[in-house]
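Trainee: Each chain, written out:
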Amino acid sequence: MSFSNSEFIYIWFYDLPVRLACYQKGWQLDTAVAIYHIVNTRHIICYASNTAKQAGILIDMSVADAQAILPTCHFRSYDDIAVKNWLSRVGQWAWRYTPLTGIDSESLGIWMNVTGATHLTSGIAAMCDALQTEFNRISVSAQIAAAPTYGAAWAFAHFSEFFTRPTLQQNKPIIVCDERAILRQKLEPLPVAALRISADIQTGLKQAGLEQIYQLWGISAISLTTRFGTDLVQRLGQIIGDVSELQKPLIIPTPLIASRNYLTPLLGVEAIQKMIRDLVSLICIQLAQRHLLTRYIVIAVKRVDSTIIRRTISLSRPSRSESLLHRLTAHLAADIDVEFGIEHSWIEAKKLSAGLPVNQAFDPTLYKDDSKDTLIDYLTARLGHNKVHQLQCIDSWQPESAQRVQPAQQTIRQLHTHVSNSLPYWQLQDESETSDNINLVSFSARPLSLLTPAVLVDVIALLPDHPPSMIRWRKQNWQIHQATGPERIGPSWWLNGILSNQHSDKTRDYYWLETQSGERLWVYREGLIERGESVEWFLHGFFA
Amino acid sequence: MNKQQRFETLKNEIWQNYFSTNKAQKAISLDISEIDDCLNGGLTIGRVHLITGSGYSGAVRGFTLAILRKVMRERPSGYIVWCTNLNSSHGILYGAGLAAIGIDPRRLILVDEPHPLRGVAAMEEVLGAARQDGEAAIQIAAVVGDYAQLYRNSDLWHKTARRLQFAAEQADVLVIINGITSRIIPAAGFESYWQVSTAVRQILSESNNRFYDSASWHIKLSRTRSGRHWTGNLSWQFSTGTLSHRPVFNSKTSYRLPTNQFVSHIS
Chain A
125 MSFSNSEFIY IWFYDLPVRL ACYQKGWQLD TAVAIYHIVN TRHIICYASN TAKQAGILID
185 MSVADAQAIL PTCHFRSYDD IAVKNWLSRV GQWAWRYTPL TGIDSESLGI WMNVTGATHL
245 TSGIAAMCDA LQTEFNRISV SAQIAAAPTY GAAWAFAHFS EFFTRPTLQQ NKPIIVCDER
305 AILRQKLEPL PVAALRISAD IQTGLKQAGL EQIYQLWGIS AISLTTRFGT DLVQRLGQII
365 GDVSELQKPL IIPTPLIASR NYLTPLLGVE AIQKMIRDLV SLICIQLAQR HLLTRYIVIA
425 VKRVDSTIIR RTISLSRPSR SESLLHRLTA HLAADIDVEF GIEHSWIEAK KLSAGLPVNQ
485 AFDPTLYKDD SKDTLIDYLT ARLGHNKVHQ LQCIDSWQPE SAQRVQPAQQ TIRQLHTHVS
545 NSLPYWQLQD ESETSDNINL VSFSARPLSL LTPAVLVDVI ALLPDHPPSM IRWRKQNWQI
605 HQATGPERIG PSWWLNGILS NQHSDKTRDY YWLETQSGER LWVYREGLIE RGESVEWFLH
665 GFFA
Chain B
4 MNKQQRFETL KNEIWQNYFS TNKAQKAISL DISEIDDCLN GGLTIGRVHL ITGSGYSGAV
64 RGFTLAILRK VMRERPSGYI VWCTNLNSSH GILYGAGLAA IGIDPRRLIL VDEPHPLRGV
124 AAMEEVLGAA RQDGEAAIQI AAVVGDYAQL YRNSDLWHKT ARRLQFAAEQ ADVLVIINGI
184 TSRIIPAAGF ESYWQVSTAV RQILSESNNR FYDSASWHIK LSRTRSGRHW TGNLSWQFST
244 GTLSHRPVFN SKTSYRLPTN QFVSHIS
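Read top to bottom, the protein sequences are chains A and B. Start counting the first sequence at 125; every next residue gets the next number (my numbering). Start counting the second sequence at 4; every next residue gets the next number (my numbering).
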């Protein structure tokens with residue numbers, strides 16, 4: 125790749141982990157937030173918000189020290205997967221500018237090889253400005269730099285303070301797409317860390333009194349190689365463009381497509397049904413030929429007025445079963461308003477995975493029962509993704525946290541990807557172990573219906589630490605016939621800082637009550653009298 | 004086919020579907036002879052049954068689940084689809100509680116549809132999934148819907164009953180409609196109509212006073228195909244899943260002190 129023709133843009137999202145944590149948890153951006161990672165069992169801070177930095181929290185400080193400095197600071201572990209996912213999405217978004225984009229998750233950035241693509245946006249400066257505008261619009265802090273080499277663009281983005289002081293709201297793009305001599309001149313004031321060399325080499329250079337790049341120009345490559353290894357010389361060559369550098373771009377996952385054109389516009393429900401069946405059959409053949417499975421099908425039609433209508437089908441597990449897909453797409457014909465007819469239709473199979481043959485002798489349970497998956501796929505296709513749910517148990521003592529209602533397809537995916545652990549709450553009562561289980565059941569009795577959130581009720585109790593003798597709720601008085609309990613459940617104090625909105629920090633005493641008319645209620649008293657806490661009563665569920 | 008022939012065909016179809024004894028109809032026995040006699044053998048599969056009860060209690064859900072447990076035993080590979088409003092003020096079904104009474108929450112699929120009309124449409128879709136249609140059958144043991152509030156519009160209510168009845172027949176699946184209302188609602192289109200309310204459990208001795216090993220309900224079976232009614236108290240034993248007839252018991256007015264049972268989950 126010749127030097128003069130190359131143009132790279134590097135975008136550095138310098139506070140991405142902090143922003144992601146704020147978005148995920150609903151914190152304000154001016155909240156004190158520190159992100160830590162674990163180094164040799166120690167929790168070391170790697171990123172911090174401006175508020176936290178102003179309060180004295182430093183990078184490479186331990187979490188314990190930071191907590192001592194700022195107890196109100198929120199701490200979150202570094203979420204590598206979330207960062208990679210976000211960068212990948214931005215990288216894919218950047219395909220609108222150039223087909224060669226990639227992510228650099230270690231340095232929190234994406235790169236774009238815009239060689240030969242800048243004329244589409246009236247030059248590289250306009251392209252950088254457009255990118256900056258887009259990031260400002262979604263309130264994402266980004267430092268953009270353009271240079272003839274990847275290394276130089278990386279260096280200018282990460283060490284932009286040598287050109288301009290970055291601000292939170294708006295950073296000016298740095299564009300250095302000049303002659304080699306000028307590039308070399310612009311690189312000179314940058315520190316040696318801009319060469320993307322390891323910390324050991326940086327320490328060695330510092331010990332030798334070499335702290336800026338210009339100090340390295342005058343030293344011969346042989347001397348540098350002898351003292352610091354080949355990596356330093358290679359990086360020097362890459363930043364100036366003498367040595368080519370290959371980056372791994374994001375690969376566009378190509379969906380499988382089958383399409384049909386029609387000489388005369390297609391009309392009528394029967395014809396549309398046949399069209400969909402044909403498309404499904406075609407895609408299933410393609411999937412089988414390539415030994416692939418799909419989890420997402422898009423069926424699209426183009427009407428004669430050029431309107432495109434898309435319908436999607438998602439599967440809970442990868443499949444290429446023609447009968448299953450026929451079943452899931454059977455209703456689509458009625459959903460498509462063809463108006464004056466369809467002239468073109470196609471089907472796309474996305475979220476592909478390898479459909480390797482599995483010897484069921486190894487794991488006979490693997491394909492034991494897929495009728496539930498089929499049912500859930502069918503219902504999801506007909507009723508919508510957010511309509512079909514399943515109850516999923518969570519390992520938690522807090523009753524409201526011990527269950528999650530989540531989309532059924534998601535539950536199945538988790539079952540297919542994780543080995544579920546047996547949990548104490550959802551052990552079914554086995555009739556063969558009746559005598560033992562009665563004790564277990566009576567101790568861990570849980571209601572059939574849970575009120576979320578629990579509702580505040582008025583209560584009369586004979587003594588403060590006694591169960592209620594009367595409950596009043598919704599203009600209804602319940603005289604208590606008998607009561608059993610309490611079952612004491614402590615708060616999840618370790619989650620207080622993280623989930624303060626969801627969990628109370630008070631201990632609960634749960635009682636099973638039976639009213640004189642036979643209603644069986646699950647109520648709890650929140651707060652301990654012996655600790656001098658204020659006490660409130662809540663109704664949390666109904667038994668059979 | 005002329006009008007007379009068509010009329011004869013329709014009459015034959017009606018006879019075959021509703022009155023013919025040749026058509027073997029499966030039924031879920033409740034193991035209580037008086038009720039099974041009223042129901043001609045038990046709760047008929049492929050029919051719609053209506054269960055209502057008053058107030059905020061677990062009686063309606065509890066009795067429905069008692070029936071479902073029997074259905075799940077009859078159809079061990081089938082799933083229960085429960086169409087409901089997940090944000091209802093009556094609370095959400097709780098997996099830990101279901102497991103404790105012998106209902107596997109993994110065999111329960113919830114369809115969240117707050118609007119009753121759309122909810123009934125969703126139930127029809129579910130029943131449609133269970134139809135054979137020459138393809139591999141999706142195994143559904145029962146479909147439950149919490150949409151009895153539709154009774155306020157009588158015309159709509161009858162249409163709903165007929166549509167669900169037709170879908171249940173086609174799918175050969177037990178359908179239950181639940182409702183929280185103290186009123187007696189028209190149940191002409193339903194196979195059976197149950198009014199359920201809570202009843203105080205009879206505690207025979209202190210050693211028998213386990214709070215959560217059984218439930219008692221006052222049941223009024225006010226509509227059956229045989230025309231016979233039944234009223235009485237039922238007790239459901241969780242450990243065995245059996246329903247049994249209990250004599251009416253008046254609760255003691257005196258307040259019972261809590262039994263000596265203290266459990267602690269403090270971390």
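No lab work stands behind these hints, which were simulated from the structure alone. Hints may be right or wrong, so weigh each one.
Unchecked claim - Calculated from the model, a selection of chain A residues having no Cβ within reach of chain B, i.e. all distances over 10 Å:
hint : residue
1    : Val163
2    : Gln178
3    : Gly240
4    : Ala241
5    : Leu255
6    : Ile262
7    : Ser265
8    : Lys310
9    : Ala345
10   : His468
11   : Ser495
12   : Thr498
13   : Ile500
14   : Ala569
15   : Gln640
16   : Glu643
Unchecked claim - Which stretches of chain B does chain A cover? Using the computed rule of at least three CB atoms under 8 Å from a CB of chain A, they are:
hint : region
17   : 54–63
18   : 78–91
19   : 94–100
20   : 111–120
21   : 154–162
Values in this document were obtained by computation on a predicted structure and should not be read as measured data. Note that CB positions come from ideal geometry on N, CA and C, so glycine has one too.
Trainee: Indicate, hint by hint, whether the structure satisfies it.
Mentor: Cross-check of the supplied hints:
no.	hint	result
1	Val163	holds (28 Å)
2	Gln178	holds (36 Å)
3	Gly240	holds (51 Å)
4	Ala241	holds (47 Å)
5	Leu255	holds (41 Å)
6	Ile262	holds (31 Å)
7	Ser265	holds (38 Å)
8	Lys310	holds (58 Å)
9	Ala345	holds (61 Å)
10	His468	holds (29 Å)
11	Ser495	violated (5 Å)
12	Thr498	violated (6 Å)
13	Ile500	violated (7 Å)
14	Ala569	violated (4 Å)
15	Gln640	violated (5 Å)
16	Glu643	violated (4 Å)
17	54–63	holds (count 5)
18	78–91	holds (count 4)
19	94–100	holds (count 7)
20	111–120	holds (count 6)
21	154–162	violated (count 0)
This entry does not satisfy hints 11, 12, 13, 14, 15, 16, 21, going by the numbered hints stated previously.
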